[in-house]
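In case you want the letters, here they are:
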Amino acid sequence: MSIQDELKSAITAALPDVSCVVGWGAGPEPLRAAPLFIRGEADLEGFSAGFLSVNNPALYLPSLKGSKVGVVVKGCDARSVGQLAAETLIKREEVHVIGYPCRGVIDVDKVAAKLAGACETGEVAALREDGDDVLLNTPKGEVRLAKKDITADKCGRCAFPNAGNADVFVGERCAPVVTEDGYADIADFEARGLDELKAFWEQEMSRCIRCYACRNACPLCVCRDQCVAMSREPHWLSQGDGVRDKLFFQIIHAVHLSGRCTGCGECERACPLGIPVLKLKRALSRRVEKLFGYKAGGGDTPPLLTFLVEEPTIKERDWK
Amino acid sequence: MSSINVGYFPGCSGLGTSMEYERSTRAVCRELGIGLREIPDWNCCGSTPAHSTDSALSAALASRVFAQGENAGIGDVITPCPSCLKNLRVALEHMEDPLFSARVEALTERPLKMQHSIRSVLQVMVEDVGTERIRGRVRRSLKGLKVVPYYGCLMTRPEKVMRFDDPENPVALDRLLEALGAEVLPFPLKTDCCGGSFSIPSRKVTPRLAGRILDMAGEVGADLVVVACPLCQMNLDLRQGQIRAGGIDRVLPVPYFTQLMARAFALPEADAAFNKLVEDIEPAFACMQRRAADIEAEERKAAAAEAEKARLAAERAAKAAEKAKDAGPDGAGAKSAGAKKTKGKADAGGGDV
Amino acid sequence: MKIGVFICHCGSNIAGTVDCAAVAERASTYPDVVYATDIMYACAEPGQDAIIAAIKKHGLTGVVVASCTPRMHEPTFRKAVERAGVNRYMFEMANIREHVSWIGKDIEANTNKAAELVRMAAAKLRLDRELKPKSFPVTKRLLVIGGGVAGIQAALDAADAGLEVVMVEKQPTIGGKMAKLDKTFPTVDCSSCILGPRMVDVAQHPNITLYAYAELEEVSGYVGNFDVKIRKKATYVDWDKCTGCGLCTEKCPSKKSYDRFNEGVGPTTAIIIPFPQAIPKKASIEREYCRQFNKGKCGVCAKVCPTGAVNYEMQDETVEVKVGGIVAATGYDLVDWKVYSEYGGGRYPDVVTSLQYERMLSASGPTGGHVKRPSDGTEPVNVVFVQCVGSRDPSIGRPYCSGFCCMYTAKQAILTKDHIPGSQSYVFYMDIRSPGKGYDEFTRRVQEEYGARYVRGRVSMIYPKGGKLMVRGADTLMGTQVEVEADLVVLAVGAEASANSSALAEKLRISYDGYGFFMEGHPKLKPVETNTAGVFLAGSCQGLKDIPSSVAQGSAAAAKALGLLSRDMLDSDPQIASVSVNRCVGCRKCIEVCPFKAIQEVDMRGQPKAEVIETVCQGCGLCNATCPQGAIQLSHFTDNQILAEVEALCRF
Amino acid sequence: MSVLEGKELRIVGFLCNWCSYGGADTAGVGRFTQPTDLRIVRVPCSGRINPLFVMKALIGGADGVLVSGCHPRDCHYAEGNYYARRRLEVLKGLLPVLGIDPRRFEYTWVSASEGQRWQHVVSSFTAQIHALGPAARFTEAPEPARLGA
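Chains as they are written, first to last, in numbering that gives the first Met the number 0: chain X, 0 to 319; chain D, 0 to 352; chain Y, 0 to 651; chain L, 0 to 148.
If you're looking for bench data, these hints aren't it; they were derived computationally from the structure.
Only a predicted model underlies this, so the values are computations on that prediction, with no experimental measurement involved.
Even for Gly, the Cβ is constructed at its ideal location relative to N, Cα and C.
Hints are all accurate, no fakes.
Below, a sample of chain X positions facing chain Y; criterion: calculated Cβ distance under 8 Å:
(1) C222
(2) C226
(3) H234
Cβ-Cβ distance ranges computed for the label pairs, FRET-style:
(4) D:G74 x X:K113: 50 to 60 Å
(5) D:K300 x Y:E249: 33 to 43 Å
(6) Y:G245 x X:P311: 46 to 56 Å
(7) X:E309 x L:A130: 30 to 40 Å
(8) D:L14 x Y:E287: 57 to 67 Å
(9) X:P175 x Y:A498: 52 to 62 Å
(10) D:G32 x Y:L476: 49 to 59 Å
Isolated chain X, as found in the complex (with noise of 0.2 Å):
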């Protein structure tokens, strides 16, 4: 039996106890899947999970609770739920999550890329797996391309590619890319040094348009109408267009998250004008767990809603 149809089954077993499923349908063009609601055995039709599943089904789970709905994740969408059940923003008994070894979903900015100047991606008509490869149907004929080159960055450095605290997982579990994530990527970041990274943050700032397509798409936003950046009261943010109010958004959602931010990516995997805004929540998460030896997503209670009385591990500065 495939995966899909190991799938399938899971969540035809899973049905009759829960009001829905959450998985992966056709999405709006062949290169993107959008999250599908499986209330009955007729809605399965559509469902399929794999190389496109790359939204974070976990983002849904806050509004339905109250009743028992099922969840079919990669492992980082298992770490949201973790995280999601460590903060009690969701009861996890209420969740019954199905896993399955994920070997890494697409980035379609990167087949962008891939295709400049011969087609844009709304265009390419049909998408075929072929073992490592993909097969792109494009007006300028068939493209192929290989999935190691169009696969999402966080799948590079993935250490938790089946879902660790699935209630049922299907089929076998694969070895995990990496099994610590070194946080290099932010260390090459910061080693641009701090002139040009204010320049940095001010170039992609000024191109931001303050959707809050990033918040929106990111599963541990659970404060959704009632974000700080609309309130006036409090009133942290105007609603200006300033750089300033935009990176300062930034930091909000930064800070907000640190200590229980699993780097799922959606933030920036959701930005229609590809800010790379999971650098500050990574650059956060790695001190992080440095300081407390936490990772996000494990179940245990985040780090900054604790302490102890003697810290071993923060030095410091003793001003003398």
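Here the structure of chain X is known, so what remains is to put chains D, Y and L in place on it, guided by the hints.
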């Protein structure tokens, strides 16, 4: 325990006034598996005059010593002399200040590259070798010898520099001498000043201060005063004539602790080098032997009394068991256990006698 | 909003280095400021009247006073604006004295900085809201921790005024250090004769409940309504049955127990009544010395006890009490003088502490008031007193002066002469510190009438020689070394905060300094209050002091507690957190971090929401900083108010 | 008009009311001379300090931000400073990635009795900020970047 290999700085007095310290130190270290690698072409540490004149010049002398060590790949160094130790240690610590270090390097033109440490022979004996291992090496116990240890000013002070033992009431040497079998008497003046190099500006001071130490040692009943510093040794040993002239009538030999170790380890007489002492130590050893004989006789008597007591107790137990046996079957076990015990004790007693 | 700004000169304290008129002029340009002026002394009556008059004349709805620290006069000005009909929370202060005029002399920089601090205050004031305190009932009962002379005084004064008092003492008897003293300076009164009746009063007072041999386990709640857990340690004697006859202490075979009350001068038994005047006069067993506990058999005390009070199975017991206020009077302990190896570090029996010497001098002490050398029981002739052992010594982390040692040493020298007319006392001192009524005269008397020889200098070494102790030191007035042949050496050991005082402070949520002494609310103006409402200080736990000062502070603490607990209702501080129900998403993060468990989850139409328990909230604002969407806000320190201050400073 | 041009830099302090604000008062009472750059925002507890206040000041043009609370174990509210310590320590990881020199932000503990320590902290932090010089302000990029660049 693995053998220890360290750099060695003998110090100037080791080649002159304290040859017996030098000789016995080397012999004892050899016996304990401490490999001493003498720093090639070492120079004076600066002694008292250098640092009281110019701290940078004084540190430059020390720095050259360590630089010479580096040539031979030596980083960790030990020295028998507490005064050398203090000068070398102070220089090392002061040179952690980059400004000062730059001044010193301008003088030596040889910046230090390795990590350096400097400790005393005594510290290595008690901290690295350990009193248990020393006890295990003893072949001629110093049992019966009544000693007082004299540490002098510098072995533990200044506290922040020396970082060794209790600054006011050190016990390291006490423990070491006990391990050799000697009886260590409580000595309140163990860190009192012996007069140091005051004998140079004023001849009156040193005999008075050294005399006070000898007088107290005599009063508490010591056979001898054990030292670890060449200058202290000289003041206490060489000046006993002056001290007696000042009215303190004490005659006490003043050996280095390494000399006593050499004797306890039964090393050749030349290594112990007691003949270099001004006051003869042999009467003290003679006294020690008499006392040891007395102690042993005393111990035999006590052991015999103990055995007799055990025998009587066993007899009583046997009688009781006999009675119990008559009374019922449970008595049998008690009796055999009692009998066994009696036999063991009796054997032990017999062997002793 | 109409804001009035008042820039205080504080005489020349502020005006000396700040151009107050210029600050007022700048302030008049700030948003919503309709009136700005400078004023000589804002806090004085004319100043307050001027503020009130300006409020009325200009119809001010908010006031900024730029003067000293709000920790000093915020309450003063709040009352003033309230008298003019403005809500007391529509008031802000700019600290232009402690934070400006007193820390630099650059008038230009100071004037500019003062004006900016006023801008911040005005920006915050624009977002102030009228706050009204709520009132809550008060538990009219006072807890006194510590039964030394300060605690006794506080307890008796409060109880005499009609308040119920609960006293907790960790030793089996009250009396504290004073009970151990033979006489007191400078009158040479018998210590137990003047303290004893007070101790009896405590025992007999209908309003006082005494828990001796008990410790404070836990404190929760808040001013007016503290919940206190007291752990009564097992004494293995049922105190309801014990008559204090002392038969058990006569028959106890463990006669070599450490005598805590007598500071180890002579041994005692394992079952003890600490001293004849002990309150409560009940026996208790020191478990570590008792044969019944160590060897599993003995039981002598149980056999001889005529009332059958001994109970080896007794367990610790916890009692819970509700109180409205707390007085901490935990006193002091002696510094561990054994760190001084040069004084023998405890190796020489004839080197004793001043407190041990008190017990030797005391007629009810183990030597019956006969001064004897512990080593051989002979009467000493030369007695050397060494002062500042563990005081004024930065090398052991005790740089402070213990305050009373100069005086008790003088007293002990006098008593020595009284006890042994042929004796000669020597006192090594650093400086004689004797401010106090009759104190300096006393230190003259000991030298002039009693012939004690005072040597100004430190002792470098004490060593035994021929059955005597050689005390070597410097005489810095003569510029020589001295050596005294002593029969007995008495160390005037300095004092430190009592053991575990920091743990107690943490339970009471009060501050303590680097040495463990509790911090008063203000060093000059609030010497018995703490910064935690409802907790007061008495005696040496706040800083070392002698008996009259401790007694005075005990009375002062009682007066403060009475002032608080004489009211039926207390106003709660309205500067607490509140939840915007619409914006709360029920994530529980605030509930998780609140140190006071002041936030609870409530159900609102099926949605979980946070709710602040107003009487429990202490107003720290941790929840506010934790809530991602800012749905919980600390009144008077809201996000917007702090942001307004930041923005007043950082406008690019 | 804000700081004195050429003389002062913009330094914002967030101090808890009970310990550090009192410590700053104690320094003033003791007439311990300090640089004039610092402006203090008084908050009840270091636990009240949202790290975003620090960021707001830095993005808003502060050249330095100093936070000070009660020493660990000595928080008036028992635990606020423990949370602050973690949050502020984590925040330090965000500054370099934004292009802000992390030395522009420090936190410490000063008790109400430590006037001298406060003087030392203020003086050394102000000197540190002066050594770094004025912080470059975040401004609009010179030319709007192309979409997808």
